[in-house]
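We have chain A already, so just place chain B on it with the hints.
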Amino acid sequence: DAGVIQSPRHEVTEMGQEVTLRCKPISGHDYLFWYRQTMMRGLELLIYFNNNVPIDDSGMPEDRFSAKMPNASFSTLKIQPSEPRDSAVYFCASSSLAGGGNEQFFGPGTRLTVL
Amino acid sequence: QKEVEQNSGPLSVPEGAIASLNCTYSDRGSQSFFWYRQYSGKSPELIMFIYSNGDKEDGRFTAQLNKASQYVSLLIRDSQPSDSATYLCAVKEAGNMLTFGGGTRLMVKP
Chain A
1 DAGVIQSPRH
11 EVTEMGQEVT
21 LRCKPISGHD
31 YLFWYRQTMM
41 RGLELLIYFN
51 NNVPIDDSGM
61 PEDRFSAKMP
71 NASFSTLKIQ
81 PSEPRDSAVY
91 FCASSSLAGG
101 GNEQFFGPGT
111 RLTVL
Chain B
1001 QKEVEQNSGP
1011 LSVPEGAIAS
1021 LNCTYSDRGS
1031 QSFFWYRQYS
1041 GKSPELIMFI
1051 YSNGDKEDGR
1061 FTAQLNKASQ
1071 YVSLLIRDSQ
1081 PSDSATYLCA
1091 VKEAGNMLTF
1101 GGGTRLMVKP
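Those protein sequences? They're chains A and B, same order as listed. So in my numbering, spot 91 of the first sequence is number 91, and the numbers just go up one at a time. If you count the second sequence from 1, you need to add 1000 to reach my numbering.
Don't read these hints as lab results, they were simulated from the structure. Backbone N, C-alpha and C fix where the C-beta goes; we use that ideal spot for every residue, glycine too. Some clues are possibly wrong.
[Unchecked claim] The list that follows gives simulated cross-link-like pairs (lysine-lysine, BS3-like), each with its CA atoms no further than 27 Å apart:
| hint | chain 1 | residue 1 | chain 2 | residue 2 |
| --- | --- | --- | --- | --- |
| 1 | A | Lys24 | B | Lys1042 |
| 2 | B | Lys1042 | A | Lys78 |
| 3 | B | Lys1002 | B | Lys1067 |
| 4 | B | Lys1092 | A | Lys24 |
| 5 | B | Lys1042 | A | Lys68 |
| 6 | B | Lys1092 | A | Lys68 |
| 7 | B | Lys1002 | B | Lys1109 |
[To be verified] With the C-beta cut set under 7 Å, the calculated list includes, among others, these residues of chain B facing chain A:
| hint | residue |
| --- | --- |
| 8 | Tyr1039 |
| 9 | Ser1043 |
| 10 | Pro1044 |
| 11 | Leu1046 |
| 12 | Phe1049 |
| 13 | Ser1052 |
| 14 | Gly1054 |
| 15 | Gly1095 |
| 16 | Met1097 |
The shape of chain A in the complex, shown without the other chains (with noise of 0.2 Å):
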């Protein structure tokens, strides 16, 4: 299994555009999350997915961000637009409720910097 794939890896951009982050889960995992880390604010997750369904977004900062899961195999997560203050690690993980849904796997992250 390749894992959780995301792209791009790196993303530098300027302040008031559009970036969107991409997500491919492990196949047959049924729960999607999206994390940011900050130095200052450690790992914190934005929102989470089940069976492709937005179940919890109380941790998206503002309306600038949004997140979708159009299928089992795929998520994105938009800013728009994007500010400095949005420059982290953005990580994607999922997991199994049939494998007990104990360990969320993360992909490599996509370091975002917003000049």
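Just chain B now, kept in the frame of chain A:
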């Protein structure tokens, strides 16, 4: 606001020693606790999880849970330089969500 607290470190131990990493949590109703390891520039990976009070051992790693004190710890025996990383404590909330602590940076010196 549910909180998970860890000392940021760095915690420095000599090779071969026992490293002790600690974590406290605020939600007395929490049931499941996880330790993740994160190497610099990499993603977190699960080391072990624990549900019940007491100790759980897996190789050189032992997780300890005390729900009355709302305290969970990770012991690493015979520490190796390759154990140098940031260790993240996480508490499982309703609906499969995890709340992470800020992490403790461990440095194992040869």
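Self-check item: Non-conforming hints, listed in increasing numerical order
Solution: Failing hints, ascending: 7, 8, 13 and 14.
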